[in-house]
Each structure stands twice: as C-alpha cells, then as structure tokens.
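Undergrad: Chains as they are written, first to last, in the numbering used here: chain A, 1 to 423; chain B, 424 to 700.
Warning: the hint list may mix true and false statements.
Unchecked claim - Between beta-carbon pairs, the in silico distance windows are:
1. LEU683/B <-> LEU184/A: 47 to 53 Å
2. GLN123/A <-> ILE561/B: 56 to 62 Å
3. PHE483/B <-> HIS134/A: 46 to 52 Å
4. ALA541/B <-> PRO18/A: 45 to 51 Å
5. LEU62/A <-> LEU683/B: 33 to 39 Å
6. PRO18/A <-> VAL682/B: 53 to 59 Å
7. LEU683/B <-> THR112/A: 46 to 52 Å
Unchecked claim - Stretches of chain B that chain A covers, calculated by requiring three or more beta carbons in the stretch to come under 8 Å of a beta carbon on chain A:
8. 589–601
9. 608–622
Source of the hints: derived by calculation from the structure; they are not laboratory data.
C-beta atoms are modelled at their ideal positions from N, C-alpha and C, and glycine is treated no differently.
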Amino acid sequence: MAAISIRNLVKRYSDGFPAVNDVSLEIADGEFVILVGPSGCGKSTLLRMIVGLEDITSGDLLIGGERMNQKAPRDRNLAMVFQNYALYPHLTVFENIAFPMRLKNVPNEEVTKRVNEAADLLQLTEHLQRKPAHLSGGQRQRVAMGRAIVRKADAFLFDEPLSNLDAKLRGQMRTEIARLQHQLGTTTVYVTHDQTEAMTLGDRIAVLRKGLLQQVGSARQLYEEPVNLFVAGFIGSPPMNFLPGRFKNGQVETPFGTVSAAGPRLSKVGDRELVILGLRPEHFEDVRLVDATKRAQGKTFTAEVDVTEWLGSQLYAYVPYDAPSEVESQLEELERELDSEQMRTQLVVALDAASRIRSGGRAELWFDPERMHVFDAASGENLTRDPDRVFELDEIERPVEAEIQAADKTEAASESKETPEKA
Amino acid sequence: MADRKVSNWWTFWGVLILVWALFPLLWMVSLSFKDPATFRSSTPTFFPKTWVWDNYKTVFTDSLFTSALRNSVFIAVIATGLAVIIAMFAAYAIARMNFPGKKLLLSMALAIAMFPQAALVGPLFNMWRNLGIYDTWIGLIIPYLTFALPLSIWTMSAFFRQIPWEMEQAAQVDGATAWQAFRKVIIPLAAPGVFTTAILTFFFCWNEFLLAISLTSTDRARTVPAALSFFTGASQFQSPITYIMAASVVVTIPVVILVLVFQRRIMAGLTAGAVKG
Ligand SMILES: Nc1ncnc2c1ncn2[C@@H]1O[C@H](COP(=O)(O)OP(=O)(O)OP(=O)(O)O)[C@@H](O)[C@H]1O
Ligand SMILES: [Mg+2]
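Isolated chain A, as found in the complex (with noise of 0.2 Å):
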C-alpha cells in the first residue's frame, strides 16, 4: 500500500501531441480516486504512465515516496485490471490468478491458499479449472480483478474495467468493485467515462479536458462548486442547463425576465456584458409546490413545456429556447466535447412529482438566482465559486454504508432516467 504522487506530469507522443499536460495530483494511501473525462483527454495515458506502460516526457512520479519514473513496470508493484480484461487465453482460470506469483516463484501452497482465497471473494471458485475463452464477460471481468487483488500490490490501476459488460452486469459489478476497495482499503486510481461509476464509486474525483487537469474533489464538490464550464457541464445528469445573461446595475437579465443580483453569491460578479449562467434542474419547481415565503425569495416566470416525463420520483419537463448567437457557438464547442446528446436549446427541468404539469401547455415556473452558477462567457471560469463552501464540503466525512447507499441512489436515480429519454 503507498501514496502516489503525480508531480506536473507531461506525456507527448511522437507525433508532439501532449496528451497529457502537466498535471499533479497526490493521491493518498488508500485513497480510491477516479479519473474521468470525454473521450480522449488522455485518462488512459495518465494512468499508463503511472503503471510504467508509457514513457514519461517529463515531471515526477512518487509511488510510496520513491520516484518512479525510470523503473520498469515489473518493479513498481502495481496491479492493474484492463479494458478488455486481458486474461492469458492459453490458462485456466486459475493460473491466469497465480500468475504473478508463479512469476515470484511463491511455494506452491502459499499460491492454492490465496488464489482460493481470492476466488472466494470473487464467487469464481467453481470455475478455478476453466479457461477463460468460456466464462460470460463479467465471470471474465472478476477473473481479471482476482489477478489484481493476490498480488498484494501497492495499488489498484482500473481502466474503463466495466465498460465492456451490460448495464445490469456493470451496476452490480461497481458495487462490487466498491466492496473490494473498501475491505482491502488497497490505493486504487479508476479510469471510467461513465458518470455513475464516476459519481459513486471514488472518495475524489480528478476531471480531466484535453489532457489538462480541471479540477479535483468529492463528487459533491464538483457537483455544487464546479470550478468551470466544463466541469460544470460534465458532472450531472441530466446536465446543467446554460443560458447566456448579462449583469446591469446589480440586476441579472435572464430569459426569464431580471432578478436581483444582491445575494452573497451574485453580487460577487459585479457588471458584465455576457455571462453564461447555469442551473441545474433541480434548481427549478413547480411554483404551485412552492411555499409563499419561498417563492418571494426566488423568480417566478412562465413557459412553454414542450414534453414532460413522469418518473415517480420527479417529474422532467422539456421547456424550448432560442440560445442567442453570442453564446451559441461557446455552447456548442462544449457539447461537442462533452459527447451529450442534450439539446443545448432546450431547458431540462426536473420537478416534484407532484407537480400538475403536462406536455404541451403553459407552466409556472420557479428557481431561486442565488443557487445560480456564473460563468464567464469567453474563459469558462465560474465567477460565482466560493472556497470556502468548497472547503466546508470537503470536511464532511460520511460512514462508508452511507456512502453505498447514496451510490446506490444515484444510480437508481440516472438508470431511471435513462429509459423514459430512449422512448
């Protein structure tokens, strides 16, 4: 077990590119950290670099206070899981879990006694003298983390370890995977591009964008005090709606007609031409379920709902918009990078589910302009983030069953989500 370090870190492949660009990060001993990202901002470089599989053109790497950077794999004592697994087709299941310790020349008895050990933790025990050719994806999967967890290794590397199985598969297996870590409380770095996993697995998450490091916390720090833009729009599903605005003598001129700008968080902005403004979905309500003194508080405006869906839990409805041209090629460049499939001229708003309101009518609705997120228009860079609340979210240190069970919520929540948007 170690600590790793990632001291401004640069990979650039032949070809010049820097797929991965100074980035630092110090991972603590047992901390499970996650490293998300869209496709091709160089997560996989980062952690193949750790692991010793690439080059590293410059800065430190510090696995357990010794510096890495020129050992070759074998000697780091790392375990990592891929992709695709990559199991020794040519033995049994079993060998395929001796095999660093065959490699060790570990006795004999010493080898059955923990692969048995790691086969009873993983329920691969009856398939010990298979081969992996003809076990199912996730029997695969589990066969690939046996190889990591007898190595006693200083720490985990995953990358994208779910994404080849089903859905179903892959929810079970992250708890799966959330138990392990936590029973062997083993240092673990996770690459995954999915949100769920990102969200609920990791004590920290690290959001990576064309290889340059944007920022790194708990997945509720991101989630409330995005440092950017990009994070912003990354973190959350659905995403976080953008809307261009523009600050005017302490007002906020929104498509929804101006709110003061007095609060604490807003008058931090001060005058400017063109902000981006964004608000979660759950920022808005139904204002027929809003208190009075509630609702004074916030703005109350009317629009037109294109599509509403019924969840149960919530209730999502669709309202259309005219993005204005200042802003739409800035929101534009960032769906491209964000692969999302949100239609940035449309709002998605997420309401009580006891809320009366139905496809294709008019609706009241309300939000509150201080739990608004500002964003500066040309850099991204979030005006209204305060430190101090991104300090106060870090203290907070949940029990671990709290944390599965709030895993396991968010996740119902998103997979929920996921179908009625496929209809």
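Chain A is already provided as a structure; the job is to place chain B with the ligands on it using the hints.
TA: Only chain B with the ligands this time, still in chain A's reference frame:
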C-alpha cells in the same frame, strides 16, 4: 430434398478430389508391394497379385538407403530446430519492435525466398569445397536455413502480430521480465504459428532435392531424395522401381504422421477468449 441433393453433390466432388490426390499414392504403395522380378507382367494389375515385403527388406538392408535416411532425419530436424528458434526471435523483433532497417530486412528476406536456388548451386559447390564443408551435414543445413528462414520469419511475424499487445503489457505489470513475458505468454499463444512454421520447414528440408544432390557425393551427407536416384536393382537386369517405391513409402510416412498429429494444433485458434469476444 434440396438439401440432400446439395450434400450429395459435395460428396461427389469430395470423392473425386480424394481419388485424384490418392491415386499416385496408392500406385506407389501398390508398386512397393509387387514382386520386383515379375511386376512387369504382360497382364498388369493395379494391385499386386501376391503381396511381398521383399522390396522393404532390400531397402532396409541397403546401406545406401539407411544412411540416407539417417542423414535426412538429422539434417531436417537440426535445420528445422534452428530455423524455428532463429525465426521466432527475428519475427518477434519485427512484429513488436521498431528499429532502423526493419523494412529493408523484410524485403531482403522476401527477395531471398524468391531467389532461384538453381543459380546458387554452382557457386555454393565451389565455395563449400574450398571451405571443406562439401558433402557434410552442415554443408546442407546452412543453405536449408537460408531458404527456410524468410518464409518462417514471415509466417511467424504474422502470428505474433495477431497477439494483442495487452497480453504482454499485462504480463509486464504482473511482474514478468521481457524474457518471461515472451516465454510464458507470447510463445504459448504463438504455438500454432510455431508448429506451422516448423512443419513447413521440415517438409522443405525433407523433400529438397537440388541442393542435396549437388552438394553431396557420398553416404556421409546424402539425403533420401538424392539417394533415391542412385538406387539400382538387386542385379543390374532388374528394374529398381519397386525398391524406389518402397523407399518413397518409407519417407512419406513421417510426413503423413506429422500432418495428422499436428493438424489440430495448426488449426487451433488459441487466442480465442484472450479479449472480450
Ligand atoms: N500511441 C499514440 N501516439 C500518438 N497519440 C496517441 C497515442 N495514444 C494515444 N494518443 C492520443 O492521446 C490522446 C489521449 O489518449 P487516451 O487513450 O489517453 O484517451 P482516453 O482519455 O483514455 O480516451 P478514451 O476514453 O477514449 O479511452 C488522444 O487524443 C490520442 O489520440
Ligand atoms: Mg482510454
């Protein structure tokens, strides 16, 4: 109904091709069992009237054949073994590593494979005599290696290229040295390729005639294909055909056995299940 017709059609063609291919073989076997004194009777039959083992007895008591058989076995086995080992390393380097002159090496190998052997016979003959390796095993093994290696390298590097990179990377992360990864993961996965190459090389050495007859002069190194042409009958009035046929049957047997034994290995897609299918 239609299905049966189609399958009958296939059977018909299969049998036809089998007969076509087997006929010379059967004729060879049949001749080898005929009585050398009387096989040219005025009423020829396809199968011998009386089956005799005389030809085989003669062949195996003839030192011309037994020493040729010994030479053939050792030369073919040694050349094959060397070719496979050398080709394995060369093919691995070509498939996995980048080094200057790789393209040149590959095209040279191909050029050698296409080089007409007959053009080399004269120069080799002179050179071997000067070097003192004319009519020795090594004198045959060296040119056999030269001609077998290009093809072996090409076949094996094709096999190595099919093995996912990740197999090796996984082994390295698991703690293997480059050599261990090669020996414990790459070679077992490339086994079908190794067997294919070995068998092709063995057949080439086993059947080679031109170099064998040009670079040998005595029992010391003459291989069976070359020796067959030196067969005479029991007396000079007898035709040696039946003996030659018996000898041919004897040298064909290992080939048939090899193919039957390794058929499965050659075909097996051993990499199945390495990655998600
Ligand atoms: N061998 C290579 N040579 C040159 N460029 C490469 C090489 N491997 C990767 N890249 C580039 O580096 C960038 C990062 O690649 P990487 O595989 O790390 O992305 P990723 O974040 O893992 O993406 P994905 O989610 O699709 O797996 C990509 O833009 C890719 O084109
Ligand atoms: Mg990747």
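Undergrad: Falls inside 46 to 52 Å, the C-beta gap from LEU683/B to THR112/A?
TA: Since the Cβ atoms of LEU683/B and THR112/A sit about 38 Å apart, the hinted range of 46 to 52 Å is violated.
Undergrad: Taking the Cβ atom of LEU683/B and the Cβ atom of LEU184/A, is their distance within the range 47 to 53 Å?
TA: The hint (47 to 53 Å, Cβ to Cβ) holds, given that LEU683/B and LEU184/A are roughly 51 Å apart.
Undergrad: So is the region 608–622 of chain B in contact with chain A by the C-beta rule, three or more residues under 8 Å, or is the coverage claim wrong?
TA: Held - the region 608–622 of chain B has 4 residues with a Cβ nearer than 8 Å to chain A, which meets the minimum of three.
Undergrad: Between the region 589–601 of chain B and chain A, are there enough contacts, at least three residues with CB-CB distance under 8 Å, for the coverage claim to hold?
TA: holds (count 11)
Undergrad: Do the Cβ positions of ALA541/B and PRO18/A conform to the proposed distance bound of 45 to 51 Å?
TA: Since the Cβ atoms of ALA541/B and PRO18/A sit about 58 Å apart, the hinted range of 45 to 51 Å is violated.
Undergrad: Quick check: does the Cβ-Cβ distance between GLN123/A and ILE561/B fall within 56 to 62 Å?
TA: holds, 59 Å
Undergrad: Within 33 to 39 Å: is that where the Cβ-Cβ distance between LEU62/A and LEU683/B falls?
TA: violated, 59 Å
Undergrad: Is 46 to 52 Å right for how far apart the beta carbons of PHE483/B and HIS134/A are?
TA: holds, 49 Å
Undergrad: Can you let me know if the beta-carbon spacing of PRO18/A and VAL682/B is within 53 to 59 Å?
TA: holds, 55 Å
Against the hints set out earlier in the document, violations occur for numbers 4, 5, 7.
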